[in-house]
Amino acid sequence: MPEVVRAWRVWFAWCLAVLMVTGIALLLTRTEEMAGNSQAGLFASLEVVLAKTHFGHVWALHLLAVLFLWPVCAVTVTRPTSPSCLMLAVAGMVVLAFTYSAVSHAGDRGDFTVAELNDWLHVVSTSVWGGGIFVTQLVAFPLLRKRHAVVSLVAARLSSLSAIALALVLFSGISNALLRLHSLRELLDTDYGHVLSVKVALVGVMVLLGAINRFVIIPRIRRYSIDDDAESAIWYLRLTLAMDTVLLVFVLTAAGLLIQGMPPSMMQGMRNMAM
Amino acid sequence: MRYFTHTILLVFSLVWSRPSVAHAFPEQAVPGAGAVLDRAPGAVTIYFDSELEPVFSTLIVKNAQGAQVSQGSGEVDSKNQAALSTKLSTNNKGTYHVYWSVIARDGHHTEGDYTFTVQ
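Note that the protein sequences, when read in sequence, are chains A and B.
Per this note's numbering, the first sequence starts with residue 1, numbered consecutively.
Per this note's numbering, the second sequence starts with residue 1001, numbered consecutively.
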């Protein structure tokens, strides 16, 4: 399916462009914040940040990983089924995920701690789960309109991959919550808990839709050899996947709010600011 | 339409692709905020809830007249990178102001100040 590969290449390139632009912007803004009122200038401070700070080391790795993925993207276009190309792409993305965890709340106490490794697992598994939904809905399905057999195959594989990824998302997500909440009551008493509750509820709905796809719709597509009946089932499949895509946007938005917010485990620190 | 969709997702991704915000907050200080001491301590140490970036983290102590009485701009403990300390070069009585400014591992800045008294 060369048209699917071509479309995927465009999306991949756009994502890499976003990562590079935002990565550089974040490095510059964070350098400015670190240097404060330093008279050395932004680029002199940048040299110090990259050479002598944990953030600088990790973010240099982040930008190198993005650069590494550009030729990987180009090669996978010409060799889309090559296992080695796929492994290189996965390796690059796993490194990218690590860089986010290493400069997050989870990395406060050092690298390769339980908290950081758990957060890394959460980022990787969420990327696989969410990325699969986005690519299938936005890239593959629009180009596979009348190819029912291929749609069924793609949906079945997505369902299997999503099941594994979602199990890891739930495991690591629950672990993250246990690390950042002192008690379940904080789900009700804090803004962080409210947003987390909404996120969990949205994920719950997505799990339900995934289960409907896996146990009702996909088997029905396989069962019917007459195109009209398969057409009906495929319509429902596209509908549930579209709903999943929209819900995922809200889940990621909630995740973004949590990332920028202050978990209850850090609230005592805020009160210590008066010290 | 395709490029419009790409552009919209590009804009959204600028929001989603930011790493999380971590800040370093003090957990304990020696001497503590508001402490009243019989004699000036040899050093002031603040323990934070996360590791610090040594290059940009500072700890300065000034006397009531605003003169710096600490040596240098503070130092992060090489064995405990969540501890920031500075040595004092004074034995005088009076109120001292401690000013701390730190950078957490993710590059975010926090700062604060407090006082202690030597009677």
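Do not rely on the hints blindly, as some may be mistaken.
As the list claims (entries may be wrong) - Think about it this way: if two alpha-carbon atoms lie no more than 30 Å apart in a straight line, the pair counts; the simulated BS3-like pairs of lysine-lysine are:
#, chain 1, residue 1, chain 2, residue 2
1, B, Lys1087, A, Lys52
2, B, Lys1062, B, Lys1087
3, B, Lys1062, B, Lys1093
4, B, Lys1062, A, Lys52
5, B, Lys1079, B, Lys1062
6, A, Lys52, B, Lys1093
To be verified - Per label pair, the in silico range of CB-to-CB distance:
#, chain 1, residue 1, chain 2, residue 2, range
7, A, Leu208, B, Ala1043, 54 to 60 Å
8, A, Gln260, B, Thr1115, 30 to 36 Å
9, B, Gln1028, A, Phe171, 30 to 36 Å
These are computed hints drawn from the structure, not numbers from a lab.
The structure presented is a predicted model; accordingly, all values stated were derived computationally and were not measured.
Glycine residues also receive a C-beta, built at the ideal position from the N, C-alpha and C atoms.
How the hints compare with the structure:
Proximity of Lys1087/B to Lys52/A is assessed by CA-CA distance (about 24 Å); at most 30 Å being required, the pair is judged to hold. Proposed proximity of Lys1062/B and Lys1087/B is supported: the alpha carbons are some 12 Å apart, at most 30 Å. A threshold of 30 Å between alpha carbons decides the hint, and for Lys1062/B with Lys1093/B the separation of about 13 Å falls inside it, so the pair holds. With a C-alpha separation of about 28 Å, the suggested pair Lys1062/B and Lys52/A falls inside the 30 Å cut-off, and the hint holds.
About 27 Å separates the Cα atoms of Lys1079/B and Lys1062/B, which keeps this hinted pair within 30 Å; it holds. For the suggested pair Lys52/A and Lys1093/B, the alpha carbons sit about 39 Å apart, so the restraint of at most 30 Å is broken. For Leu208/A and Ala1043/B, the hinted distance range of 54 to 60 Å is satisfied, since their beta carbons lie about 59 Å from each other. One distance hint, 30 to 36 Å for the beta-carbon pair Gln260/A and Thr1115/B, holds here, with the actual separation near 33 Å.
Here the CB-CB span from Gln1028/B to Phe171/A is close to 34 Å, well matched to the stated 30 to 36 Å.
Of the numbered hints given earlier, the model fails hint 6 alone.
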